[in-house]
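Read off the chains here:
Protein chains: 2
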Amino acid sequence: MLIETCFTPQVYNLFHNPNAIVVVIDILRATSAITTAFYNGVHKMLPVETLEEAHNYKKNGIITAAERNGQMVEGFDLGNSPFGYMNAKLKGKTVAITTTNGTQAIVAAKSAHEIVIGSFLNIAVLSEYLSDKKRDIILLCAGWKNKFNLEDSVFAGALATELMKKFSFSTHCDSTIAAIELYKSAKYDLYDFLQNSSHQKRLAKLDLERDIKYCLTLNQCPVIPIIKHNEIVKAEI
Amino acid sequence: MLIETCFTPQVYNLFHNPNAIVVVIDILRATSAITTAFYNGVHKMLPVETLEEAHNYKKNGIITAAERNGQMVEGFDLGNSPFGYMNAKLKGKTVAITTTNGTQAIVAAKSAHEIVIGSFLNIAVLSEYLSDKKRDIILLCAGWKNKFNLEDSVFAGALATELMKKFSFSTHCDSTIAAIELYKSAKYDLYDFLQNSSHQKRLAKLDLERDIKYCLTLNQCPVIPIIKHNEIVKAEI
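In order, the protein sequence lines correspond to chains X and G. Just so we're aligned: the first sequence equals residues 6 to 242 in the numbering used here. Just so we're aligned: the second sequence equals residues 6 to 242 in the numbering used here.
None of these hints come from the bench; they were simulated from the model. Note that this is a predicted model, so its numbers are computed, not measured. Hints may be right or wrong, so weigh each one.
Since copy identity is lost for identical chains, a pair holds within one copy or between any two.
Mimicking SDA-like on lysine to any residue, the simulated pairs with C-alpha atoms at most 25 Å apart in a straight line are [said to hold, decoys possible]:
#1 Lys206 <-> Ser173
#2 Lys210 <-> Phe20
#3 Lys170 <-> Gln200
#4 Lys210 <-> Thr99
#5 Lys98 <-> Gly46
#6 Lys49 <-> Phe172
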């Protein structure tokens, strides 16, 4: 079972393999928020590309989350702060969601065999789930507006390390090797390592330090959101 | 003066800045071969995208180099082994060249303010040259068929480290930060670090270990090839 890492959705076409499972990664903060939402009882999420579509869901009475450039878009119910999803009122509910990068990555991978949502919050259960599937894996980093970003790549390295150490995965892929090296440098203090990353700086300006620290915490939410028929649901594990 | 790093020509559009200098990087082996050629007295090189164009040059009596997938294409005079260019017969000559990745990266950057050729073989003189220019820099890795590759990224990290340590460059760019981290892990033994990289394995199969070791040697060829009017010439330094 092979692992490949795609650093930006823009080049996903070079990696596409109809038999592989794609792990979508947008650590700050879409995939961390989605993982948190399911851990806190959200029933279903609808990934949406544009704000226009999101408005339509909102008009039809669906709870709708919308984030652009790190901030919640006015007029919607939620942004992509994970803390917004720790709310008993969302239990059993359907939430539509559109974000700057994460939901775009989900859309890019739509013809994969299976798409799962990865974050530090669910890394251990996710590794086991992927191992059971016995398929090749593509780690798809959402990046920032199609550019490489550090936190998604470091997570790809963390997950690849886990899969290769504990399970029978391997890689021939330079981006996976690079991600593993980055994780080696980062793992003793993720927050400190990512301190200079462009997105962490962007979010720090918005006073989101609490969000960042939470998103870099391991195994707080042992659930696996997967995409089925264009909807995000919780996998049975 | 800012540094950005673009890991593959396919996303160069996201980085393009008409005022910046682009450093094209294809360590194994196009930009190492080009640096070697000029150090050994080649007068001019013509970067060519397709084999068809290369055939036309050849027909017109121009010495022509053509490489695809690590091997010299039959019927041409040279491949992209740097050792092929250590030949007194090439002194003062014009050489047309097409390679799998390197010449494509040159073409992708064609509307930049200036394009220069980077390799470990000219890293010190190149850093000084770039510093004198007082412009933003884009480090454009040729990669492998539009995918990220390790040796080009490690070189980008080496050059960025040099520019930021000795000269007044800085970066806000996650890919530059990642490249610098990779170089930190690689610098004590480049050959060993790159041992598992996909392209090094590809070339090792072709028995090109001598080429690889040469391409990872610092400052053997203190010349700076630059692109002027679609031709590669030696900069006056």
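The hints, checked one at a time:
| no. | hint | in the structure |
| --- | --- | --- |
| 1 | Lys206 <-> Ser173 | between (37 Å within a copy, 21 Å between copies) |
| 2 | Lys210 <-> Phe20 | between (34 Å within a copy, 23 Å between copies) |
| 3 | Lys170 <-> Gln200 | between (27 Å within a copy, 20 Å between copies) |
| 4 | Lys210 <-> Thr99 | neither (31 Å within a copy, 54 Å between copies) |
| 5 | Lys98 <-> Gly46 | within (8 Å within a copy, 72 Å between copies) |
| 6 | Lys49 <-> Phe172 | neither (30 Å within a copy, 53 Å between copies) |
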